[in-house]
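J.: These protein sequence lines are chains A and B, in that order.
Just so it is clear: in the first sequence, position 167 is 167 by the working numbering, and no numbers are missing.
Just so it is clear: in the second sequence, position 34 is 1034 by the working numbering, and no numbers are missing.
A partial selection of chain A residues facing chain B, derived with a Cβ cut-off under 10 angstroms: (1) T3; (2) C43; (3) L47; (4) P75; (5) S81; (6) L83; (7) S84; (8) Q190; (9) L194.
Source of the hints: derived by calculation from the structure; they are not laboratory data.
Where is the CB? At the ideal position from N, CA and C, for every residue including glycine.
In case you want the letters, here they are:
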Amino acid sequence: MHTLSWLVDFVGPNMTGGNPAHGDSSADATENASKSRKLLAICIASLLALGAASLWGVVVGAHGHLALSNVLTVPMLIAASALSALPLSLFALKLTSQKVHATDLLLAYTSAAFAGCTTLLLLAPLVAIYQQSSSLIGTAVGPVSTVIAFTVGACVFFRSLLKVQGTGALGALAVPVLLLIVVQAASLVQLASLSNPLFGARTRLGHGIDAIAPSNE
Amino acid sequence: MIVLVFGFAGLALVILVCALLTRRLLREVALEDADAALRSEYDDLDQGKK
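Put together the whole structure using the sequences plus the hints.
T.: Quick look at the structure:
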């Protein structure tokens, strides 16, 4: 329970995250937290993010009777795209920086995923309502919610990295962070084009890179 | 299709690793917290003596 509140604190706007074992919520820097606590926060954030994504899939898939399929498909898309992006980013981190630990990058990433997936989940009722009732924007509202969640996740990722490393290591972090975001977005879009449609019909984002950047033919 | 199979395998792996690590780390963090609480109590008692 302490770790969950520490995680929520870490995602929040306070620029430091204290160690609840010492009774401080915002006094000490994040580095005071032990490695075990950081790893535990990473695991909890990952599981919560996948759970929230799964619930979002159920709500938005209810329109096209895809709810059961989405329970597994949406977390699979997120986990598989993360697995394709994280090793490359961690390798780039090792090449560019000696000070930044892989645990810190993972903590920033999973807390961002937690924030992004929670945003998805909180937008799900709105998406479901518009999908059921609007022919004008009903098909667009689902992909728009994913773009909003991705943006929130990316912003929280930057802020979490600032909390973990301060502004001093930003130069060394630029390459791994950009790689992580670009590779994850690219693989997410292509995986979505391979899997079953998440909404009633396949959207433009669901056609992968071919629909986003159409060829001249 | 094979990509999706790998994707689902990746999801299963992530969930399994996270669940197992969570179970183990919960115990470790609880021990750390108890240790920190004991140390702070000991420090308080020590300061009271002085």
